[in-house]
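Enquirer: The listed protein sequences correspond, in order, to chains A and B.
Going by the numbering used here, the residue at position 268 of the first sequence is 268; the numbering climbs one at a time, nothing skipped.
Going by the numbering used here, the residue at position 70 of the second sequence is 70; the numbering climbs one at a time, nothing skipped.
A few of these clues could be false.
Listed below are several chain B residues computed to face chain A (Cβ distance under 10 Å; list not exhaustive) [what the hints assert, rightly or not]:
1. Ser49
2. Asn105
3. Gln202
4. Phe203
5. Gly204
Quick list of the computed label-pair ranges, beta carbon to beta carbon [to be verified]:
6. B:Glu295 to A:Glu139: 55 to 65 Å
7. B:Ser277 to A:Ser131: 49 to 59 Å
8. A:Ala276 to B:Arg22: 31 to 41 Å
9. A:Ser85 to B:Asn148: 19 to 29 Å
Once the Cα atoms are required to be at most 30 Å apart in a straight line, the calculated DSS-like pairs of lysine-lysine come out as [stated by the list, open to error]:
10. A:Lys300 to A:Lys257
11. A:Lys200 to B:Lys119
12. A:Lys55 to A:Lys83
13. A:Lys328 to B:Lys107
14. B:Lys119 to B:Lys215
15. A:Lys136 to B:Lys119
16. A:Lys328 to A:Lys257
17. B:Lys272 to B:Lys215
18. B:Lys171 to B:Lys272
19. A:Lys87 to A:Lys136
20. A:Lys257 to A:Lys136
21. A:Lys78 to A:Lys300
22. B:Lys119 to A:Lys257
23. B:Lys107 to A:Lys200
24. A:Lys78 to A:Lys55
25. A:Lys55 to A:Lys91
26. A:Lys300 to A:Lys328
27. A:Lys300 to B:Lys272
Honestly, the hints are just simulated from the structure, not real lab data.
Every value quoted in this text rests on a predicted model; they were computed, and no experiment measured them.
Each residue gets a CB set at the ideal place from its N, CA and C atoms; glycine is no exception.
Residue strings, one per chain:
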Amino acid sequence: MNTSEVVLSVRSLATTFRTEHGPATAVTDVSFDLHRGEALGIVGESGCGKSVTSKSIMRLLPEHVTTYGANSEVIVGKDNLLKLSQKQMCKIRGNRIAMIFQEPMTALNPVFTVGWQLDEALRLHTQLSRSERRAKAVEMLRIVDLPNAERRYDEYPHQLSGGMRQRVLIAIALCCEPEILIADEPTTALDVTIQAQILKLMDDLRHRTGTAVLLITHDLGVVAQTCDRVVVMYAGQVVETAPVNDLFHRPGHPYTKALLDSIPHAGGRIKGQRLATIDGLVPGLFEMPQGCRFAGRCPKREQNCVDEQPEVQEFETNRSIRCHYPLKNSS
Amino acid sequence: MALVEVDNLSKDFPIRGGILGRQIAQVHAVTNVTLRVQRGDTLGIIGESGCGKSTLGKIIVRLLNPTSGEIRFDGIPIHLASHRELMPLRRRMQFIFQDPYSSLNPKMTAGQMLAEVIKFHQVVPARQRSGYIDELLGMVQLGTDARNRYPHEFSGGQRQRLNIARALAVKPEFIIADEPVSALDVSVQAQVLNLLMDLRDQFGLTLMFISHDLKVIEHFCDQMVVMYLGQLVEKLSCDAIHANAKHPYTQALLRSNPINDPQNREELYILKGEVPSPRNPPAGCPFVTRCELAEERCNTDRPQLVQIANQHEAACWLINGPATGTA
């Protein structure tokens, strides 16, 4: 996978918000590459900066309070998205990078029909005529397995169920054949049986179109099911990047291991067994420790973890980790 | 005798329309549910959104009134009990809500909230109240300095601890927890589940645990019931669910849940279609519209829960009894 073309490269992304309490740096030193046709997962708990990362890539954060680091780069093709104007971004959003959001009701406009909202993207980004656009839109609705696509085209979002709305959002996102699809918690609001439908659909479409998927989620099960590689974030930083098998079977960062251990395991029930927990809390934005951000909760903490911030380093093959004492795994 | 006995419980919600607000239809939220919760047991209720699991929980503690059916708590019939008659029983059964923030009063401190419950139910004499509040906060690992803090000053996990402390304040025997950890991150979820497990053992609590997360139910409960479209479709022990589950819907739930092992990634089972509207559920089996194995009679006749093994019941025409083996 690593030899293939890089379609999105994020380098030292740092995003700072101006707040009434002073500047708050929500993510810092986030770097990763997304390859063509790959599904890359970004996992982490609430507040770890995974959504800020995706919104920074899309430049969807409020401009007047957001600043990016001087050496931060988000490279798509030849462009550094962080340096583009909003006008230039409009040509890229929905066209080369598309995004689907967590809450399928709020992401659709309730006063326009499904068809109108699909048409919008095609109107902005293609030269197709009105009838061609309609044909394309209905075809997209068919591709996402929406029953009665022809009829749904003229319906409003409130007439659809949650699963159907998420299908419409996927259709809108994919109608201009983007190189990159960013899916921010696409199945979190859905039931498991509907989640399975949507994950399968995204997987099929990815293999068919070669669109690279950046899947942002807190659900490790979804990652295990769909991703090729995983980026683990903690307190605004990337702590580990690894192929999905390595990550689940031989986690290198103590946080990754703690996260994996805290999920109840299906099938492996031992009655009354306690779940492993992570002591303490994530440090607040204004009280980030100078050393490793996980040090306060880490079972393997040494003195220099508290004193000195670890840098991201290579770890085994195709992996990297931000830890002074990565876990040695025998396998 | 079981602590909680529910027989043929149903709940319909009217849908009103027109300018006169006449009833134009009904939502059948819960239909004909019969179950028992044994003293000291933890019963899990699993189902997808809209299947009626929360409604069922709320009826059992009479936060909602049933349309028909019977509920007995420790042998006392409560399905028709008045507000006044319920009052002494409220001390014995408590409810923990899903959203840890909206179930706390934003204008009261943790201490005030606990004091209100303790005062109302006269759990301890006034002079011991303060000490008891500290004891409760300690029990849920919040620390006594939490007393003077307001809900917005707590994290999500801490708020749910406070909710648990409030439920425990009256020393109940029975607690219904409605999705108590689904709003929490996994590491915090683990903390709250551990806490609930410790308290359950410490006080010998009987619990009913409502969740949409199979892994959590499997980990936490002794028995579970699977709900679909307001009806119970299967009851089974939480040991070896994967080997024992017989109902096609339970199996679909199991197989559409991603497992945390990318090496043994299996294609997720795709259950076609969506849950029918509870306004007019199918006449026969509620699951018939999505079931791959459905036969003619599934359309017309509604299957009842039948015992198919020890502590195992299922409502499906295709499961006749223990003789059918693996479905």
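Enquirer: Against this structure, judge whether each hint is valid.
Expert: Comparing the hints with the structure gives:
1. Because the closest C-beta pair between serine 49 of chain B and chain A is about 6 Å apart, less than 10 Å, the hint holds.
2. Nearest Cβ of chain A to the Cβ of asparagine 105 of chain B: about 24 Å, over the 10 Å cut. The hint is violated.
3. For glutamine 202 of chain B, the interface hint is violated, since its Cβ never comes within 10 Å of a Cβ in chain A; the closest pair sits about 13 Å apart.
4. Given hint, phenylalanine 203 of chain B at the interface with chain A, is violated; its Cβ is 15 Å from that chain's nearest Cβ, farther than 10 Å.
5. Interface restraint check for glycine 204 of chain B: the shortest CB-CB distance to chain A comes to about 14 Å, outside 10 Å, so the restraint is violated.
6. Checked against the hint of 55 to 65 Å, the pair glutamate 295 of chain B and glutamate 139 of chain A fails, with Cβ atoms roughly 36 Å apart.
7. At about 35 Å, the beta-carbon gap between serine 277 of chain B and serine 131 of chain A misses the expected band of 49 to 59 Å.
8. Take alanine 276 of chain A and arginine 22 of chain B: their Cβ atoms lie about 56 Å apart, and the range 31 to 41 Å is violated.
9. Checking the proposed 19 to 29 Å range against serine 85 of chain A and asparagine 148 of chain B shows it is violated: the Cβ atoms sit about 50 Å from each other.
10. For the suggested pair lysine 300 of chain A and lysine 257 of chain A, the alpha carbons sit about 12 Å apart, so the restraint of at most 30 Å is met.
11. Among the hinted pairs, lysine 200 of chain A with lysine 119 of chain B is inconsistent with the structure: their alpha-carbon atoms are about 54 Å apart, more than 30 Å.
12. Distance restraint check for lysine 55 of chain A and lysine 83 of chain A: the Cα-Cα separation of roughly 15 Å lies within the 30 Å cut-off, and the hinted pair is therefore satisfied.
13. Proximity of lysine 328 of chain A to lysine 107 of chain B is assessed by CA-CA distance (about 50 Å); at most 30 Å being required, the pair is judged violated.
14. For the given pair, lysine 119 of chain B sits about 38 Å from lysine 215 of chain B by alpha-carbon distance, which is inconsistent with the 30 Å threshold.
15. Pair hint lysine 136 of chain A plus lysine 119 of chain B does not hold up; C-alpha atoms about 66 Å apart against a cutoff of 30 Å.
16. With a CA separation close to 12 Å, the supplied pair lysine 328 of chain A and lysine 257 of chain A stays within the 30 Å bound.
17. Only pairs whose Cα atoms come within 30 Å are accepted, and lysine 272 of chain B paired with lysine 215 of chain B is accepted, the gap being roughly 22 Å.
18. With a C-alpha separation of about 46 Å, the suggested pairing of lysine 171 of chain B with lysine 272 of chain B is violated against the 30 Å cut-off.
19. A C-alpha spacing of about 26 Å is found between lysine 87 of chain A and lysine 136 of chain A, which places the hinted pair at or below 30 Å, so the restraint holds.
20. Between lysine 257 of chain A and lysine 136 of chain A the CA atoms are separated by roughly 46 Å; this puts the pair beyond 30 Å, and the hint is violated.
21. The straight-line distance between the Cα atoms of lysine 78 of chain A and lysine 300 of chain A is roughly 42 Å, outside the 30 Å bound, and the hint therefore fails.
22. This hinted pair does not check out: lysine 119 of chain B and lysine 257 of chain A have alpha carbons roughly 45 Å apart, beyond 30 Å.
23. Under the criterion of a C-alpha separation no larger than 30 Å, the hint pairing lysine 107 of chain B with lysine 200 of chain A is inconsistent with the structure, at around 46 Å.
24. Annotation: proposed proximity of lysine 78 of chain A to lysine 55 of chain A holds, straight-line Cα distance about 20 Å (limit 30 Å).
25. Between lysine 55 of chain A and lysine 91 of chain A the alpha-carbon distance is near 16 Å, which keeps this suggested pair within the 30 Å criterion.
26. Simply put, lysine 300 of chain A and lysine 328 of chain A have alpha-carbon atoms about 12 Å apart, close enough for the 30 Å limit, and the pair holds.
27. About 47 Å separates the Cα atoms of lysine 300 of chain A and lysine 272 of chain B, which puts this hinted pair outside 30 Å; it is violated.
The earlier numbered hints that this structure contradicts are 2, 3, 4, 5, 6, 7, 8, 9, 11, 13, 14, 15, 18, 20, 21, 22, 23, 27.
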